Amino acid sequence: MNLIAALCLGIGLSAACGFRIFIPPLALSMAAHGGVLQLSSDWQWLGTQNAITTLSIAATVEVFAYFIPWVSNFLDSIEIALAPIAGMFITASTLSMAGDFDPTFLWILTVIAGGATAETVELTTSVTRLTASVTTAGMGAPIVGLVEAISSIVISILAISLPVLSTLLVIFLIIYGIRRIIKFIAKRKRRRKIKDVVD
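If you use the working numbering, the sequence shown corresponds to residues 1 to 199, in order.
Hints were generated in silico from the structure; no laboratory data involved. All values reported here derive from a predicted model rather than from experimental measurement. No false leads were slipped in.
Computed Cβ-Cβ distance ranges for the label pairs, DEER-style:
#1 Trp70 - Thr48: 32 to 42 Å
#2 Val164 - Lys187: 34 to 44 Å
#3 Ile112 - Asn2: 12 to 22 Å
#4 Arg188 - Leu165: 28 to 38 Å
#5 Leu82 - Ile112: 11 to 21 Å
#6 Ile157 - Leu3: 15 to 25 Å
Even for Gly, the Cβ is constructed at its ideal location relative to N, Cα and C.
Whole structure, please, built from the sequences with the hints as guidance.
Shown next, in the form of structure tokens:
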């Protein structure tokens, strides 16, 4: 696999990590186990049956936990920190398929392409879930959770089958996410100013 394809694969899977942390590694693990992707020798363990079983359990627990409003809020606070780590982890594994690179160059790519992508998507989903929880008194959390899980699955499959196309989709998601985060912050600032004036 060439560098561009490996990078696009990593970006796509990292974006999917922003929706659900364990689904993208599971998709990569299953693809490697099925011979669709060839992992480097250092990452062969990710394609083993043990890895698939462990990731399947973790992904299932994560998906269903997000259907419970107060649990989803707790997971959000944790996954904001874990998502970029997962993104860097998965991007490092995909870049290894393109050959050996200078460690500094490799980690710069994993941080920017993997960590930043996953964190941007994670922050966007957190804002969306928070907005849905406030406007629906928590009743919208299961619906948002279902949409996020499906999005993670679809983007993971797309990243593995059509990595370049998935990257274009991710670019759109990042632009949308940044705009949504900026609007959310601006709205909170306006509310604080209004509250200060009233007080």
